[in-house]
Amino acid sequence: DTEVTQTPKHLVMGMTNKKSLKCEQHMGHRAMYWYKQKAKKPPELMFVYSYEKLSINESVPSRFSPECPNSSLLNLHLHALQPEDSALYLCASSQPSPLAGYNEQFFGPGTRLTVL
Amino acid sequence: GENVEQHPSTLSVQEGDSAVIKCTYSDSASNYFPWYKQELGKGPQLIIDIRSNVGEKKDQRIAVTLNKTAKHFSLHITETQPEDSAVYFCAAPGGSQGNLIFGKGTKLSVKP
Numbered sequence: 001d002t003e004v005t006q007t008p009k010h011l012v013m014g015m016t017n018k019k020s021l022k023c024e025q026h027m028g029h030r031a032m033y034w035y036k037q038k039a040k041k042p043p044e045l046m047f048v049y050s051y052e053k054l055s056i057n058e059s060v061p062s063r064f065s066p067e068c069p070n071s072s073l074l075n076l077h078l079h080a081l082q083p084e085d086s087a088l089y090l091c092a093s094s095q096p097s098p099l100a101g102y103n104e105q106f107f108g109p110g111t112r113l114t115v116l
Numbered sequence: 001g002e003n004v005e006q007h008p009s010t011l012s013v014q015e016g017d018s019a020v021i022k023c024t025y026s027d028s029a030s031n032y033f034p035w036y037k038q039e040l041g042k043g044p045q046l047i048i049d050i051r052s053n054v055g056e057k058k059d060q061r062i063a064v065t066l067n068k069t070a071k072h073f074s075l076h077i078t079e080t081q082p083e084d085s086a087v088y089f090c091a092a093p094g095g096s097q098g099n100l101i102f103g104k105g106t107k108l109s110v111k112p
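Residue numbers (the numbering used here), protein chains in the order written: chain S, 1 to 116; chain H, 1 to 112.
Hints are not guaranteed to be accurate.
[Unchecked claim] Computed cross-link-like contacts, EDC-like style, restricted to lysine to aspartate or glutamate with a CA-CA straight-line distance of at most 16 Å: (1) K22(S) <-> E52(S); (2) K111(H) <-> D84(H); (3) K38(S) <-> E39(H); (4) K41(S) <-> E5(H); (5) K42(H) <-> E52(S).
[To be verified] Anything over 10 Å on all C-beta distances counts as not near chain S; from chain H, calculated: (6) S12; (7) K22; (8) T24; (9) S26; (10) K42; (11) K57; (12) R61; (13) T65; (14) K71; (15) T78; (16) G94; (17) S96; (18) S109.
Hints are computed from structural coordinates only; laboratory data are not their basis. All C-beta atoms, glycine included, are put in the ideal place defined by N, C-alpha and C.
Extracted from the complex, chain S is given alone in its bound form (with noise of 0.2 Å):
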C-alpha cells in the first residue's frame, strides 16, 4: 500500500479563521512532508518532519503551523491566511534519506484551499 490520505479534499475559509489539513500514511515512513502548489507551477516544500521532528522549515510564515503527533499523521494548522495562500496543499512520506542515497516518496492527493 503505497497510500497517502489527506483530508479534507477542498476548503473553503475566511481570512480570520482558524482550520486543519491532515494527512495520514500507514506505510511505515519516518519522513513527512508538507508541499504547497500554486496553478501551473511545480510543487514547493514548506516542511519536513523526520522521526516526528521539524527538520526543515523553508522560511514559511507563522500564520502556518505544522503538527506531527505520531509517526503516521501530520497536520497543518491554518490562521489569519491571506487570499494569495489559496493553493493545492500537498502531503508526502517517505523514509528518511539514509546518507548514500534518498527513498521514493509519495503524495496524497491534495487538499484545495480557498481563502476568501
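Please build the complex by placing chain H on the supplied structure of chain S, with the hints as guidance.
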C-alpha cells in the same frame, strides 16, 4: 542549492507516437532523480525513478536515462495513449532531508 530545468513546457503527440521530456540539474552530487505524473485535480504520482549508479531504467512503456557527465536525465514514453495526457514533473534532491526540487513541468497531450 540544486536547480532543475525542464523542457519542453508543453508537448503534443499523436496516439502511438513517442514522447521525450528532458531535465538538467546543477548539483553534481545529486544521486536520485524521480519522475512524477500529475493528472488534473490529483496529487503527483511517482512513475519511475533512477539512481546515479545506473544509466537507464525501463518499466513497460516508460524509460528514464541519466547522463551524469552532462547532468541531464530524460523521460521516454513509447506508444503513447490518451491516458498518458497529464503534467509530468522531474525532480532532484533538494538537500539532506529528503525533500525534492521540481522542474517546472511538461504538459503532455496525446491526441487520439
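Do the hints match the structure? See the list:
1. K22(S) <-> E52(S): 15 Å, holds
2. K111(H) <-> D84(H): 10 Å, holds
3. K38(S) <-> E39(H): 15 Å, holds
4. K41(S) <-> E5(H): Cα-Cα ~13 Å, so holds.
5. K42(H) <-> E52(S): 26 Å, violated
6. S12: 17 Å, holds
7. K22: Nearest chain S Cβ is 16 Å from K22(H), so the label holds.
8. T24: 15 Å, holds
9. S26: 16 Å, holds
10. K42: 6 Å, violated
11. K57: 13 Å, holds
12. R61: 20 Å, holds
13. T65: 18 Å, holds
14. K71: About 17 Å separates K71(H) from the closest Cβ of chain S, which puts it past 10 Å; holds.
15. T78: T78(H) clear of chain S: closest Cβ-Cβ about 23 Å, beyond 10 Å.
16. G94: G94(H) not clear of chain S: closest Cβ-Cβ about 6 Å, inside 10 Å.
17. S96: 7 Å, violated
18. S109: 14 Å, holds
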